[in-house]
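Peer 1: This is what each chain is made of:
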Amino acid sequence: MTTTIIWTIAILSLLGVVLAVVLYLVAKKFRVEEDSRIDEVEKVLPGANCGGCGNAGCRAFAKACVDAMNLDSNFCPVGGNDTMKKVAAVLGLEVKEKAPMVAVVRCNGTCENRPRTNDYGGYSSCRVKAALYSGDTGCSFGCLGCGDCVAACQFGAIKMNPQTGLPEVDQEKCTACGACVKACPKNIIELRNKGPRGMRVFVSCVNKDKGAVARKACSAACIGCGKCAKVCPHGAITVENNLAYIDFTKCKLCRKCVAECPTGAIHTVNFPVVKPKPEPAPAAKETVVKEKPETKEE
Amino acid sequence: MKKTFSIGGVHPADKKISAGCSIEVLPTPQTVYISMSQHLGAPATPTVAVGDKVKAGQVIGEPAGFISAYVHSSVSGTVKSIGPRPDLAGNKVTHVEIAVEGDEWADGIDLSETLVTEIPADNRFIIDRIKSNGVVGLGGATFPTHVKLTPPEGKKAEILILNGAECEPYLTSDYRIMLEKPDQIVIGAAIMKQVLGGPRTVIGIEDNKPEAIESVRAAISRLQAKSASYSGIEVAVLKKKYPQGGEKQLIDAVAHRQVKSMGLPIDVGAVVQNVATSLAVYDAVMKNRPLTTNTLTVTGDCLPADRQKNYLFRIGVPFSFIIEQSGGMPEDAVKVISGGPMMGKAISNLDATTVKGSSSILYLTAEQTVRKPESNCIRCGKCVEACPMGLEPYLLNKLARNGMMDELEQNAIQDCIECGCCLYSCPANIPLLDVIRVAKGDVMRAIRARSAKK
Numbered sequence: 082m083t084t085t086i087i088w089t090i091a092i093l094s095l096l097g098v099v100l101a102v103v104l105y106l107v108a109k110k111f112r113v114e115e116d117s118r119i120d121e122v123e124k125v126l127p128g129a130n131c132g133g134c135g136n137a138g139c140r141a142f143a144k145a146c147v148d149a150m151n152l153d154s155n156f157c158p159v160g161g162n163d164t165m166k167k168v169a170a171v172l173g174l175e176v177k178e179k180a181p182m183v184a185v186v187r188c189n190g191t192c193e194n195r196p197r198t199n200d201y202g203g204y205s206s207c208r209v210k211a212a213l214y215s216g217d218t219g220c221s222f223g224c225l226g227c228g229d230c231v232a233a234c235q236f237g238a239i240k241m242n243p244q245t246g247l248p249e250v251d252q253e254k255c256t257a258c259g260a261c262v263k264a265c266p267k268n269i270i271e272l273r274n275k276g277p278r279g280m281r282v283f284v285s286c287v288n289k290d291k292g293a294v295a296r297k298a299c300s301a302a303c304i305g306c307g308k309c310a311k312v313c314p315h316g317a318i319t320v321e322n323n324l325a326y327i328d329f330t331k332c333k334l335c336r337k338c339v340a341e342c343p344t345g346a347i348h349t350v351n352f353p354v355v356k357p358k359p360e361p362a363p364a365a366k367e368t369v370v371k372e373k374p375e376t377k378e379e
Numbered sequence: 047m048k049k050t051f052s053i054g055g056v057h058p059a060d061k062k063i064s065a066g067c068s069i070e071v072l073p074t075p076q077t078v079y080i081s082m083s084q085h086l087g088a089p090a091t092p093t094v095a096v097g098d099k100v101k102a103g104q105v106i107g108e109p110a111g112f113i114s115a116y117v118h119s120s121v122s123g124t125v126k127s128i129g130p131r132p133d134l135a136g137n138k139v140t141h142v143e144i145a146v147e148g149d150e151w152a153d154g155i156d157l158s159e160t161l162v163t164e165i166p167a168d169n170r171f172i173i174d175r176i177k178s179n180g181v182v183g184l185g186g187a188t189f190p191t192h193v194k195l196t197p198p199e200g201k202k203a204e205i206l207i208l209n210g211a212e213c214e215p216y217l218t219s220d221y222r223i224m225l226e227k228p229d230q231i232v233i234g235a236a237i238m239k240q241v242l243g244g245p246r247t248v249i250g251i252e253d254n255k256p257e258a259i260e261s262v263r264a265a266i267s268r269l270q271a272k273s274a275s276y277s278g279i280e281v282a283v284l285k286k287k288y289p290q291g292g293e294k295q296l297i298d299a300v301a302h303r304q305v306k307s308m309g310l311p312i313d314v315g316a317v318v319q320n321v322a323t324s325l326a327v328y329d330a331v332m333k334n335r336p337l338t339t340n341t342l343t344v345t346g347d348c349l350p351a352d353r354q355k356n357y358l359f360r361i362g363v364p365f366s367f368i369i370e371q372s373g374g375m376p377e378d379a380v381k382v383i384s385g386g387p388m389m390g391k392a393i394s395n396l397d398a399t400t401v402k403g404s405s406s407i408l409y410l411t412a413e414q415t416v417r418k419p420e421s422n423c424i425r426c427g428k429c430v431e432a433c434p435m436g437l438e439p440y441l442l443n444k445l446a447r448n449g450m451m452d453e454l455e456q457n458a459i460q461d462c463i464e465c466g467c468c469l470y471s472c473p474a475n476i477p478l479l480d481v482i483r484v485a486k487g488d489v490m491r492a493i494r495a496r497s498a499k500k
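So the sequences go chain by chain: A and B.
One point on numbering: in our numbering, the residue at position 142 of the first sequence is 223, and numbering is uninterrupted.
One point on numbering: in our numbering, the residue at position 358 of the second sequence is 404, and numbering is uninterrupted.
Chain B on its own, in the form it takes in the complex (with noise of 0.2 Å):
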């Protein structure tokens, strides 16, 4: 039986239209910006000064707290200013800019392509390993992935579950890898179910993507023939249903059991992560090869079918360049988002560089994103309907307008995973998510100051 969450989520048209295209390689620009905030939390100290030479893979910047990560040079060269610079977003962010020259790799970096499928016994060794290549959650919240495999005291992981939904509209980065790569995300996964104590291992995948289930059914298979470390790892069929990829709403469909108000997955014994970061997991245990490249979908309605991508980058290449590589950007796209059209982030600033998380660049046309006035709420209860954490979304418009911040909490804006279900299913135009996204970072606030003071 197909497993999806309990309550809401929305179902928007897939439109993977660049799913048969298979992973070029970019080309390195001159020059390439990279950026020391590219991960959940404290932005990591540059560890170069400008005039250096720098070999790709080589560390440059180190983690500045415990929710931090290293930051290494996705290119060799020489290091030409270190300073902000607008991200995506236009806010300055502190940069360290290279000179492209040749492509020479750190010492001890393996790169070749053969499969390595013995996992090393010292988890110490693993953890140390991933941390030290920089892996951060890839799935959108970039989440530094050896704080989240090192579960506090007392507490243990009874289900690791794999993200491979892929639930945003277009976006295909992550139907590739599994196409592409899938023994290397299934060595990934076998990794971190060893060093959190071997609990069960699912891998969920969208029932839109059934070549992606056949080719990771197979690399399990063709895996636990070779070595009995690969048993107890298997695949889940979801309903392609917005948000299924939502890190409560995975764990709800595949676990059956509910994350409570601002708790935290491991509360309940499970552990996400997603297929792209179980592949930097691989490259990073296996190969000691640091997370520098990722890989991006170039896509949108409005491009010609020979112009959609799906690229292995370089991070800190500017989306500039991407857009250019790819052959320009179309002449109807009007919005440039990087992420998918239900969560992602409209670029701004199209000289700011890609970063770990950057999973796409989706061109959107006029008709696309232009917003319909706003009209009344006649409080019909499609948005509650449709939020997959069980908000009443209207009314926490209303609460948020008035600047009623008791209530709010009250009325659990804190839990809002900002998937956007309530604002796409509006009839009435109403930007509640808009609405709902700042004052839940008010309320947000309130509790931090609160128990800042306790």
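Extracted from the complex, chain A is given alone in its bound form (with noise of 0.2 Å):
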């Protein structure tokens, strides 16, 4: 009984010694060299793998930094300058600051703007919405309030506001990833300059269809009209198949073409509301703004 006892534990105790060795042997012989500063950067990273970046997640893009050794094609919208500077000191690389971006919806079709001419009872999808009918309302551009935008965000950015039946994006939440734009089957959603302090100007309605036809499903529509774009003194606004659109990168919020639109279509976020401050923007000091500018609240 108890030398059967010891043989298995003997026998056991050196199978056990042959077997580590051969491990040992085979992990020495077929070890995978990995650089490890992507081990490093990985570290620094936020870890979401939302895929923000355009790679599969945060260590395909630790992968990417670390093969390129140049950050000019790499950034981390998650993290963003922050990140990338920690980034940046591991791989000890150069990295240009870029401006914080953030997602904006661009449609203000409230219920109250944007009459509904019938009821959805699908599945409630934007994508099979899109796929079935032009939406619920006159506007066959705007949003349709399912909330696809809101189930891809995973930082919860986005929320949908009952009220309104839209999407709105919580700035200190969002990372710009683009989630909500690549989900959202009406590009509605447009990732723009946060903008200093969180100003921004932007056109908030996509509809193409002429001015009429817009107006008529939708009173806060832009009409195309291009009374922002001959104000505008950057030339920063552009009309485009009965659309506005501003360009950020030339936009210096003087918000000429906000009191100019004659919808509405044209939104101010985070202007200070009472009295007209010394304007931050450096171009907004030249002009000087008498309307007490509106400030909605995206």
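Hints are computed from structural coordinates only; laboratory data are not their basis.
Errors might be hidden in some of the hints.
Unchecked claim - Among the chain A residues that face chain B by a calculated CB cut under 8 Å, a handful are: (1) Gly202; (2) Arg208; (3) Val209; (4) Leu213; (5) Tyr214; (6) Ser221.
For clarity, every value in this text was computed on a predicted model and none was experimentally measured.
Just so it is clear, CB atoms sit at the ideal spot from N, CA and C, and this is done for glycine as well.
Fit the two chains together into the complex; they arrive one by one in their own frames, and the hints show the way.
Peer 2: Okay, structure coming up:
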């Protein structure tokens, strides 16, 4: 009896030692060389694996940075400049600061502005709805309101506002990863410059119908009149297919267009509400804005 | 023995409420809007200008590609405008607006009701007539008929199947034309048979329409007594099972041949045409009458029996006009569908106009349309049993929701015919078809992009 136990223990121990040696040799022989810097870079990344950078996840991004040894074409939108500085420190590279971006919902077709023409009773998904028909209002370009963007956001930055039926972006939580931009079948959401102190001006409409048609469907639609383009001193506004677009790289936030827009389709965000304080944006200093700017929360 | 397809299928109640209503001619409204996109393929290019006087049957749009079709005016009058107008789904499509003045038809069109039984010998003449008169498949897909009747080099049609199954519940327009115009349908079939080189010709009719079977059989024997060119046409009695009228299902049921994945019926030597298309072919070839009218059913459980209708309508008449003419919308109707309840499209814009393929206005009540809350898939396999294409809808649903494109393609999502059997049979109310349809579109786009690259 005792000899059986002793033998068992002895054989198993011997087997353990032999296999350990085999494993050690195999591990030595087939060792995969991987740049240790990939691990280091991955450690400083946010770890959201959102794919906003265009890679399959944070590790793939770290590998891309190490492989390229150049950060010009690699940018982590979630971590932003802080993270990129850390990555640069790990790799000993230079990094250019990028202006922070934010997702902007370019539709103001609230229940009030845009009367419903029919009820949708199908499966609640914007993609499914868009495949079936143009939507439950007269506007075939506007928000469908089923919240595909909300489902796509990994950071809880978008919520549907039940009052307006439109999604709203929390600019503090938004990382500009672009998941909502891809999820929206109507291409309403755009990544725009966050702007100094979060101040930005944008056309909150994507309707390309002729003015009268667009106006009939939604009282806050861009009718493509072109008044904003004429008044813009910086040439930032273009009107194409009955729709105005403000190029945020040229916009100096003077807000002349906002006052000019007959339908209120141009929105301003985060501008001071009460007294016109000394304007923070350099170009805005040159132009005296007399009228009180209307501030709308996004 | 009654024939049917081998796998899948469901049995919805057939509800042919309007079957007893004979076809009435719908009056012409003040204005019609004729869509330039009434067929599968490239939209037609308008050939008239604002202010032009047009006659009924005159060409107002010409094909803009190989897969495209002529569009004719269905009324006489003046062109008021040409421009985008929302269709029944709200998408903007170019329409020609015509203010109706009188009812004058273009020259060379035979409007008489006399039956012409002499089939022209020249096949090219026949194809030309079918093409220039804008005939498209009226079974639902509106594929240009002349393209279907000219098989590619090296392929030969061995069987021509006419689809008189009308397997969708409620619809009765095909049934009515089989009762009222069976001779014309059989002549149309004989014309297509001749063009295709004389294959066996079978008219498939479901067994829930015994009168139609009798009527078409009588017409065949009447015509066979007259001329030898009508031999080799027969009626096949099909079991009542949805989707019996699907192209691939019909070939399986009648000829016992299976079209392979992504294949066309002509690959197995079959051509399928709807009975309404056959009637349009007769009108086009024998009477030189363009496809400007079609038959449409107005029906629904909530519609009183005396307001159930089968109309012969001019293409381009707004749906709202037809609703008005048939006594308005019933009060408890919440959804109006163009087409059958299984595959039809809900009309979101009642001002939209009828097109060549319009076959019905169906009113559904809240009770019939409301979606029950979705619950979890328990893999009961009812959708797999129901799928007439042998797919696994529960799996496609899962793959689609996770965006697994390669796996979707491996599981043949591109073969889905969007019949809705899976959605109909799912006890957990999972929106299978909604999800699969969108994913199928994505996969088809990827396949097309890949073949374009090669």
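Peer 1: Are the hints correct? Go through all of them and say.
Peer 2: Against the structure, the hints:
| no. | hint | verdict |
| --- | --- | --- |
| 1 | Gly202 | 6 Å, holds |
| 2 | Arg208 | 5 Å, holds |
| 3 | Val209 | 5 Å, holds |
| 4 | Leu213 | 7 Å, holds |
| 5 | Tyr214 | 4 Å, holds |
| 6 | Ser221 | 5 Å, holds |
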